[in-house]
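Protein chains: 2
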Amino acid sequence: MPAFSKDEYDGRLRKVRLRMAEPGIDLLLVTEPANMNYLTGYDGWSFYVPQLVALPLDGGDPLWMGRAMDAAGARLTVWMPDDAVIGYPEAYVQARDCHPMEYIAAYLRDHGWNGKRIGVETDSYYFSPRAYDRLRAGLPGCSFIDADLLVNWVRAVKSAAEIACMRDAARLVGRVMRSAHEAIEPGRRQCDAIAAIYAAQVGGDPDFSGDVTGLCPVILTGRSAAAPHVMWSDQRFEPDQTSAIELAAARHHYHAALARTVHLGEPPPRLLETANAVNEGLDIVLATIRAGVRAADVEAAWRGVISRYGLTKESRIGYAIGLGYPPDWGEHTISLRAGEEKILEQDNTLHVMLGMWMEGWGMELSETVRVTQGGSECLTDFPREVCVKR
Amino acid sequence: MPAFSKDEYDGRLRKVRLRMAEPGIDLLLVTEPANMNYLTGYDGWSFYVPQLVALPLDGGDPLWMGRAMDAAGARLTVWMPDDAVIGYPEAYVQARDCHPMEYIAAYLRDHGWNGKRIGVETDSYYFSPRAYDRLRAGLPGCSFIDADLLVNWVRAVKSAAEIACMRDAARLVGRVMRSAHEAIEPGRRQCDAIAAIYAAQVGGDPDFSGDVTGLCPVILTGRSAAAPHVMWSDQRFEPDQTSAIELAAARHHYHAALARTVHLGEPPPRLLETANAVNEGLDIVLATIRAGVRAADVEAAWRGVISRYGLTKESRIGYAIGLGYPPDWGEHTISLRAGEEKILEQDNTLHVMLGMWMEGWGMELSETVRVTQGGSECLTDFPREVCVKR
Numbered sequence: 000m001p002a003f004s005k006d007e008y009d010g011r012l013r014k015v016r017l018r019m020a021e022p023g024i025d026l027l028l029v030t031e032p033a034n035m036n037y038l039t040g041y042d043g044w045s046f047y048v049p050q051l052v053a054l055p056l057d058g059g060d061p062l063w064m065g066r067a068m069d070a071a072g073a074r075l076t077v078w079m080p081d082d083a084v085i086g087y088p089e090a091y092v093q094a095r096d097c098h099p100m101e102y103i104a105a106y107l108r109d110h111g112w113n114g115k116r117i118g119v120e121t122d123s124y125y126f127s128p129r130a131y132d133r134l135r136a137g138l139p140g141c142s143f144i145d146a147d148l149l150v151n152w153v154r155a156v157k158s159a160a161e162i163a164c165m166r167d168a169a170r171l172v173g174r175v176m177r178s179a180h181e182a183i184e185p186g187r188r189q190c191d192a193i194a195a196i197y198a199a200q201v202g203g204d205p206d207f208s209g210d211v212t213g214l215c216p217v218i219l220t221g222r223s224a225a226a227p228h229v230m231w232s233d234q235r236f237e238p239d240q241t242s243a244i245e246l247a248a249a250r251h252h253y254h255a256a257l258a259r260t261v262h263l264g265e266p267p268p269r270l271l272e273t274a275n276a277v278n279e280g281l282d283i284v285l286a287t288i289r290a291g292v293r294a295a296d297v298e299a300a301w302r303g304v305i306s307r308y309g310l311t312k313e314s315r316i317g318y319a320i321g322l323g324y325p326p327d328w329g330e331h332t333i334s335l336r337a338g339e340e341k342i343l344e345q346d347n348t349l350h351v352m353l354g355m356w357m358e359g360w361g362m363e364l365s366e367t368v369r370v371t372q373g374g375s376e377c378l379t380d381f382p383r384e385v386c387v388k389r
Numbered sequence: 000m001p002a003f004s005k006d007e008y009d010g011r012l013r014k015v016r017l018r019m020a021e022p023g024i025d026l027l028l029v030t031e032p033a034n035m036n037y038l039t040g041y042d043g044w045s046f047y048v049p050q051l052v053a054l055p056l057d058g059g060d061p062l063w064m065g066r067a068m069d070a071a072g073a074r075l076t077v078w079m080p081d082d083a084v085i086g087y088p089e090a091y092v093q094a095r096d097c098h099p100m101e102y103i104a105a106y107l108r109d110h111g112w113n114g115k116r117i118g119v120e121t122d123s124y125y126f127s128p129r130a131y132d133r134l135r136a137g138l139p140g141c142s143f144i145d146a147d148l149l150v151n152w153v154r155a156v157k158s159a160a161e162i163a164c165m166r167d168a169a170r171l172v173g174r175v176m177r178s179a180h181e182a183i184e185p186g187r188r189q190c191d192a193i194a195a196i197y198a199a200q201v202g203g204d205p206d207f208s209g210d211v212t213g214l215c216p217v218i219l220t221g222r223s224a225a226a227p228h229v230m231w232s233d234q235r236f237e238p239d240q241t242s243a244i245e246l247a248a249a250r251h252h253y254h255a256a257l258a259r260t261v262h263l264g265e266p267p268p269r270l271l272e273t274a275n276a277v278n279e280g281l282d283i284v285l286a287t288i289r290a291g292v293r294a295a296d297v298e299a300a301w302r303g304v305i306s307r308y309g310l311t312k313e314s315r316i317g318y319a320i321g322l323g324y325p326p327d328w329g330e331h332t333i334s335l336r337a338g339e340e341k342i343l344e345q346d347n348t349l350h351v352m353l354g355m356w357m358e359g360w361g362m363e364l365s366e367t368v369r370v371t372q373g374g375s376e377c378l379t380d381f382p383r384e385v386c387v388k389r
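Chains as they are written, first to last, in numbering that gives the first Met the number 0: chain V, 0 to 389; chain F, 0 to 389.
These aren't lab readings, by the way, just hints derived from the structure by calculation. Misleading hints may appear alongside valid ones.
In this list, chains with the same sequence are indistinguishable; a pair is considered to hold if it fits within one copy or across any two.
Quick list of in silico lysine to aspartate or glutamate cross-link-like pairs, EDC-like style, CA-CA up to 16 Å [unchecked claim]: (1) 341 x 96; (2) 312 x 89; (3) 312 x 358; (4) 5 x 313; (5) 341 x 204; (6) 14 x 296; (7) 14 x 57; (8) 341 x 296; (9) 388 x 181; (10) 14 x 265.
Sequences are here, hints too, so could you generate the full structure?
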């Protein structure tokens, strides 16, 4: 059963088809797992083999096409009837002499799509150069149109049902962050803290299950304090260490992300001073965000504050967040950074991520935020101060 | 610090360079995260943005190239000196008007690689058609050679140090499977069982941390019993349900995988009969595997046994397993199935996966196995019978 009502999916298809019509796309092939889920409800860990959703511009349900083994899972989770689920035979899986896209191209050819205009996601996860090559070879009469991020840009504005999922996720991520705070203790291993985080993420709420998150949880401590995406180890937390924590929780694969900082022992002045500046920076970011404002202006407001404290930050301070599967919870559309002309719209959802990775230490503070007509609404709710454990 | 000795990495580079020499590849660009790790030790969750390792055929260390933010993590984890780590500026991240591969191509051009023969992984994870396109556009004098699976085939034969990692993972996966067995109880939610599994996977052993596994843990119960890669939910386990469990544990990202079946209540005869046939099938698979045997012959031995019981299985019965990052722990080289001419070699490591997904129910049994000169060695060690909880 898909996570949303048929009306919700109908609305999504309508918006996507409007965008397909502009460049004249007859058939959109969607390979990004979050986009496949968005259009059909499909939910499975099968993106390690080629698969896609094919959406015709004119009428007709989308088709799910993937490994035959996974067709059963597709029939359980998509809203379309069973005959909209097409499985390719096992012999195509990781074989030397054939490719699943040959089967898929032949199917589309046999169903009248050769000669049409086909949209493809050229820079999404899980669609390889060879997959694209085999698809083109099997549909020689088609012209191919780059439709990368077409669905993502529709996703950038969330429906009420999606916001409700993100509120659930935001409620859950507070519990998860509390587990992380409790788990960080001198003598405890990083991996034990991460284990507690995973258990809280997946176990979810008494009322609903949690999902695996697009990015893995990260705790930056000690020598890895300035390396944002390093994996955990079995090193033990030590007194006088600062740990920056970035994690999320997900409900129906909709994410709320949160970053906070924990210090074991007496916090050094540089940490408190930086945290103070970043907190003031967050305040102005939240006060600047509203429908109608340029993404670049949000970053400029932030920069104005932290530069007064002599601080700089090279990386963007936020990005669109929502539906996602590994490896990412970001939606690859909006970035809050200099030069971004994008005008924020109501019900954009952003992860405002203020990671300060300094020489040999780091701190982080973030919120997951909804853009409203008059301003911004923090979906996440967790004390912003550095958590000091003496 | 990388997970292995410099000698281990030197040996890997030597073997990969031998394979590069055959088709005359001057520079191999490796984008698959497990392959990047294999050559350099790099360990980070940064594969959600374009990155690669560039390995020259003649002398010279490999280069790590990725997002500037992640260069700090690369310097912490690779064996090469700091100047072998090249970061591209933040402005290239998920931008509309530029692509990280433009920066990378320009760097390679400036360092004398234009005009050379470049190997690329055309069907690996996290290398998109646009990435390939931008790379080719930026290196117009180069010829590009499909080097997909080149490194994977070197990885197919494990070193003693790699086998040691897989033994650790095999020890851990037994603990993880025990957690799963304990967690499956009438009235308990699926997500709570999966939470216990994640905690056991990541918390690891008293002596070492566990890693996130390439595929997520899967429990197939009730309506999803015949859908191999479906995600968990908050449904509760019920009396008289059969649950098939497939999961792994990983040490330094080397996996041992294991599948078992749990039944709550009195097991139906069809389950016990199928389990009996599958157990006998596993015995003959393990007795058939040895260095020098064709992959197809292993599957034929299996088929001979189960067909006597009136059973069939369409999907392959095993594949190469070892080093992996999400979304897969399979290595995409060896498959145990009809028609596979590949001759097994000593220190190949296989996940022999006997999943029987029937009409409305399913069962699974698997082992992670090392190929030896004289036969096979089960790395995993867990009772094979269906676990009956009355």
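Status of each hint after checking the structure:
Taking the closest pair of Cα atoms, residue 341 and residue 96 come within 16 Å of each other only across two copies (13 Å); inside a single copy the shortest separation is 45 Å, beyond that limit. For a Cα distance limit of 16 Å, the shortest separation of residue 312 from residue 89 across copies, 11 Å, qualifies, whereas the shortest one inside one copy, 49 Å, does not. With identical chains, the CA atoms of residue 312 and residue 358 are at most 16 Å apart within one copy only, with a shortest distance of 13 Å there and 56 Å across copies. In the homo-oligomer, the alpha carbons of residue 5 and residue 313 never lie at most 16 Å apart, since the shortest distance is 43 Å inside one protomer and 34 Å across protomers.
In this assembly of identical chains, residue 341 and residue 204 lie within 16 Å of each other by CA distance neither inside one copy nor across copies; the values are 36 Å within and 48 Å between. In this assembly of identical chains, the alpha carbons of residue 14 and residue 296 never lie at most 16 Å apart, being 28 Å within a copy and 52 Å across copies at closest. For the identical chains of this complex, residue 14 and residue 57 are intra-copy neighbours only, at 13 Å inside a copy versus 53 Å across copies, given an alpha-carbon limit of 16 Å. When the C-alpha separation of residue 341 and residue 296 is checked against a cutoff of 16 Å, the pair qualifies only within one copy, where the shortest distance is 10 Å, while the shortest distance between copies is 59 Å.
Taking identical chains as interchangeable, the C-alpha atoms of residue 388 and residue 181 lie at most 16 Å apart only when both belong to the same chain, with a minimum of 10 Å there against 35 Å between chains. Proximity of residue 14 and residue 265 under a CA criterion of 16 Å is satisfied in neither setting, with 53 Å inside one chain copy and 51 Å between copies.
In summary, the numbered hints that this structure violates are 4, 5, 6 and 10.
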